[in-house]
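Kindly produce the complete structure, drawing on both the sequences and the hints.
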Amino acid sequence: MLQKTVADEVVCFHCGLPVASGERFCAELNGVQNHFCCPACRAVATTIVDCGLSSFYQFQTQSMRAVNQNVHDDTFSLFDDLEFQTRFVSVDDDDSRYVSCDLLIEGMHCTACVWLLEKYIDALPGVETVNVSFNEQRAAIKWKTETVCLSVIVAAINRLGYTAEPFTTDLLQDSRIRENHLALRRLGVAGIAMMQVGMFAIALHAGALQGIEVEYRDFIRWISLLVAAPVVLYSAQPFFIGAWRGAVLKKPGMDLPVAIAIGLAFSASCRATVSGEGDVYFDSVTMFTFLLLLGRYLEMRARHYSGRISSNLSSLLPSTAIRFTSLSANAAMEQHGETQAIPVYQIAVGDRVLVKSGQVIPVDGTIVSGESSVNEAQLTGEFMPKFKAVGDVVVAGTVNGDGVLTIDVSAVGKNLQIESINTLISKAQNRKPRIAQIADQFAGFFVTAVLAFSLFTYIFWTYVAGGEHADRAFWIMLSVLVVSCPCALSLATPAALTAAGNRLRTHGVLVTEPQVWEKIKTITDVVFDKTGTLTKGELSLLATKPIGPISSERCVEIASALESFSNHPIASVFSSVKGAGVDVKNVTICTGEGLQGTVNDELYRIGRSDYASRLYDHNVAVSAIAPGLGQWILMSNSKGPVCWFQLQDSLRDDAQELVSMLQGRNYKTHLVSGDSSGEAQLLSEKLEMDNCVAGASPQEKVDYFRALQSEGAKVMILGDGINDIPVLAEADVSIAMSNASSLAKTHADCILLSGNLTSVAILMQLAKSTRKIIKQNIAWAVAYNLLVIPLAMLGLIPPYIAAVGMSLSSLVVILNALRLQGFGNTDQSSAMQSSVLQGQLS
Amino acid sequence: MNSIYILIPIALIFTAIAIRAFFWAVDNNQYDDLDAAGQSILFDDEVVPGTTSAKTPEDSSD
Numbered sequence: 071m072l073q074k075t076v077a078d079e080v081v082c083f084h085c086g087l088p089v090a091s092g093e094r095f096c097a098e099l100n101g102v103q104n105h106f107c108c109p110a111c112r113a114v115a116t117t118i119v120d121c122g123l124s125s126f127y128q129f130q131t132q133s134m135r136a137v138n139q140n141v142h143d144d145t146f147s148l149f150d151d152l153e154f155q156t157r158f159v160s161v162d163d164d165d166s167r168y169v170s171c172d173l174l175i176e177g178m179h180c181t182a183c184v185w186l187l188e189k190y191i192d193a194l195p196g197v198e199t200v201n202v203s204f205n206e207q208r209a210a211i212k213w214k215t216e217t218v219c220l221s222v223i224v225a226a227i228n229r230l231g232y233t234a235e236p237f238t239t240d241l242l243q244d245s246r247i248r249e250n251h252l253a254l255r256r257l258g259v260a261g262i263a264m265m266q267v268g269m270f271a272i273a274l275h276a277g278a279l280q281g282i283e284v285e286y287r288d289f290i291r292w293i294s295l296l297v298a299a300p301v302v303l304y305s306a307q308p309f310f311i312g313a314w315r316g317a318v319l320k321k322p323g324m325d326l327p328v329a330i331a332i333g334l335a336f337s338a339s340c341r342a343t344v345s346g347e348g349d350v351y352f353d354s355v356t357m358f359t360f361l362l363l364l365g366r367y368l369e370m371r372a373r374h375y376s377g378r379i380s381s382n383l384s385s386l387l388p389s390t391a392i393r394f395t396s397l398s399a400n401a402a403m404e405q406h407g408e409t410q411a412i413p414v415y416q417i418a419v420g421d422r423v424l425v426k427s428g429q430v431i432p433v434d435g436t437i438v439s440g441e442s443s444v445n446e447a448q449l450t451g452e453f454m455p456k457f458k459a460v461g462d463v464v465v466a467g468t469v470n471g472d473g474v475l476t477i478d479v480s481a482v483g484k485n486l487q488i489e490s491i492n493t494l495i496s497k498a499q500n501r502k503p504r505i506a507q508i509a510d511q512f513a514g515f516f517v518t519a520v521l522a523f524s525l526f527t528y529i530f531w532t533y534v535a536g537g538e539h540a541d542r543a544f545w546i547m548l549s550v551l552v553v554s555c556p557c558a559l560s561l562a563t564p565a566a567l568t569a570a571g572n573r574l575r576t577h578g579v580l581v582t583e584p585q586v587w588e589k590i591k592t593i594t595d596v597v598f599d600k601t602g603t604l605t606k607g608e609l610s611l612l613a614t615k616p617i618g619p620i621s622s623e624r625c626v627e628i629a630s631a632l633e634s635f636s637n638h639p640i641a642s643v644f645s646s647v648k649g650a651g652v653d654v655k656n657v658t659i660c661t662g663e664g665l666q667g668t669v670n671d672e673l674y675r676i677g678r679s680d681y682a683s684r685l686y687d688h689n690v691a692v693s694a695i696a697p698g699l700g701q702w703i704l705m706s707n708s709k710g711p712v713c714w715f716q717l718q719d720s721l722r723d724d725a726q727e728l729v730s731m732l733q734g735r736n737y738k739t740h741l742v743s744g745d746s747s748g749e750a751q752l753l754s755e756k757l758e759m760d761n762c763v764a765g766a767s768p769q770e771k772v773d774y775f776r777a778l779q780s781e782g783a784k785v786m787i788l789g790d791g792i793n794d795i796p797v798l799a800e801a802d803v804s805i806a807m808s809n810a811s812s813l814a815k816t817h818a819d820c821i822l823l824s825g826n827l828t829s830v831a832i833l834m835q836l837a838k839s840t841r842k843i844i845k846q847n848i849a850w851a852v853a854y855n856l857l858v859i860p861l862a863m864l865g866l867i868p869p870y871i872a873a874v875g876m877s878l879s880s881l882v883v884i885l886n887a888l889r890l891q892g893f894g895n896t897d898q899s900s901a902m903q904s905s906v907l908q909g910q911l912s
Numbered sequence: 876m877n878s879i880y881i882l883i884p885i886a887l888i889f890t891a892i893a894i895r896a897f898f899w900a901v902d903n904n905q906y907d908d909l910d911a912a913g914q915s916i917l918f919d920d921e922v923v924p925g926t927t928s929a930k931t932p933e934d935s936s937d
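If you read the protein sequences in the order shown, they are chains D and H.
Okay, so the first sequence: first residue is 71 according to the working numbering, each after it adds one.
Okay, so the second sequence: first residue is 876 according to the working numbering, each after it adds one.
In short, the hints are calculated from the structure, not lab data.
Result set (EDC-like, lysine to aspartate or glutamate): computed pairs, CA atoms no more than 20 Å apart in a straight line: (1) D:212 with H:902; (2) D:212 with H:907; (3) D:615 with D:680.
Here are some chain D residues the structure puts well away from chain H; computed CB gaps all over 10 Å: (4) 167; (5) 409; (6) 618.
For every residue, glycine included, the Cβ atom is placed at its ideal position computed from N, Cα and C.
Take a look at the structure:
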């Protein structure tokens, strides 16, 4: 998203966030004075420029994220702990002085980050190689143990504003890498061999026309056989395995005729080579194999790309924690007790851990001292931090705000709440019904028919026609198999889906579940989540109600000046207003309540009404009453209340557009939200949605869907956040917003990376044209087969024409599918495209 | 035409070398990240640390 730059607004040079309070943090970089939002951003930018890596800022395609405030931390030393290292560090086989490990890098946003990390880490003395993969968010680092230790490397990564954690390969990721490598090897062998055999085939065809001595012809045939053999025996293995599996399960798939055609054509060509009679089809065999493997490889890449983000909730957790070494009886002394950083897996129930501000809470537990606002967005999708004090329960994976907490551990490892959510997710996934694809059923029928036809053809030509025709029987049968090769049929759907997927990706939409294309047609109801989906997940100022003589503009200015000292989300509401001529001194922040400061020699408080009203009236019982429903905060001075501010989560610009469009197309729209403050109803009325459920727990959301579905409705959901995942899995089509936590991304059928709701309209439109293209493709494939199979059975098509026809047929299918990716769109979709473009530009 | 008995085997040797090289590239993760590699040529290779200096008005701990 492009940063909006208001004329007099200063944005941070590093992270692009607005700089609230003028010239507090600045640095001269390359002779230019730059401003920063915080000391952490300044430290990172200074590091980058000092190392001569300032071109990073030219190349990055998006602004950096704001830097974690704990740039300097003492937990790095833990990375040198040998026992901790055994879990992810491996010693080089050849030279034991070198060790290597994989680190999970958080905070990378474009390939410029890859460059920056590689250059910076590589320049450290003792680092041998460093390899950063953007796709996997991983850095593979090899270093010399004598010269440098891991903690130095991890600290260096942190200096650049990224965080490093040990990269734990889960089995899924491992198998993906292996699958990718194997597919590439098969494809490469098929491709290289195809080119060789193709050249020999040209020689053979030219020889057949001009006359070639049998000696040379046979030599070239033998060489072709030699080159084609690895293609059939190695590259085409998946087809044979698939065909065998299909045959064993008595569900013949697309692989069966492919395997039979490859197998028969190859063995027939081998026979022809050995006996010196008949034709060879090594070129057809290799080309056919290569084209099919290519299609499968592209499909697999698309599948892996969408699933690259970690598939496990536990990756939210940090790998280290700070534990108190001795449990002191004096609770007040806790924060000054002896502490030690240890790996999280060594923490046991009953331990007492310290969580500094900005850190991810590593365990479930109860607060025994300290208070802070805790951001549970990763678990609940709600961005507003919750205030937590002594006695409150905190959950692993949530982020500690501005306070320091001491926690008594109540659960670790498998007993964490986050793990139970994991279980819920996998249950929901298993419940997902598998819709058998029509194409598969048809293919089974088609395959059986083709096999029967070719057998019939062989018998007919051998025994019925008899005589001289009997010699041709085998080749005519092969013609039938080759010409009818369901290549076009099997490519019809995946080619269209791949093309449509690529097209959608340019609009920032990722489709992870291929059945979406088919299912989206049946959708009758669209369910929206509120926070982060219909709304931006950012607060804005809705109303200002001054109570005293001070004008509302002045009130906002004072509030802005006060809030510029706070990092709380509420502060961002006022950050667009400059507190001109407002001099703020002696600011104190009361976590979870508000803040106070001296403005022009008058003490002001802003925050929760009971907190602010205590300033002028110590009798808390008569705290000020908010003037209406919704979320209100109060500003007061010693004389009395000054002003009420109403805050609201602002609606996405295109929410109204999408909801009206859906209603125009007779979809029912629902709003289901976990928020119980009454905002959901207001929003639902404003957007004129059909139905609204507020304050719903995840289980209630699931129940709501089941009720809808039992009435025959097909439900599409737009959601956000991890507590939506069981719900997302329940829906017929699920769509996650780009700022959804990484897990929601992995489990939704579609992901809106652009954050534009109107992309949903593009998705629906494209799904429609994709279905159309698939139908055309299938119609073409069927018509082609119906036409040529009888001709081939009559012996009118020689095998080489059959091979050409088969290739042309699949080419038609692919080219038709590519129309989805390119320009052949209806006016409607291009109009929507332009509206989305405008949305991105504004 | 007898030359094909020599030339074609030579071509096959090159093919084998090409496949071996391809396998090596795959095993060395050369194809794992196709996005970053494509853009990396746009970045400067030569980096001389310390050629530019940055000054911070408040602290100069470096």
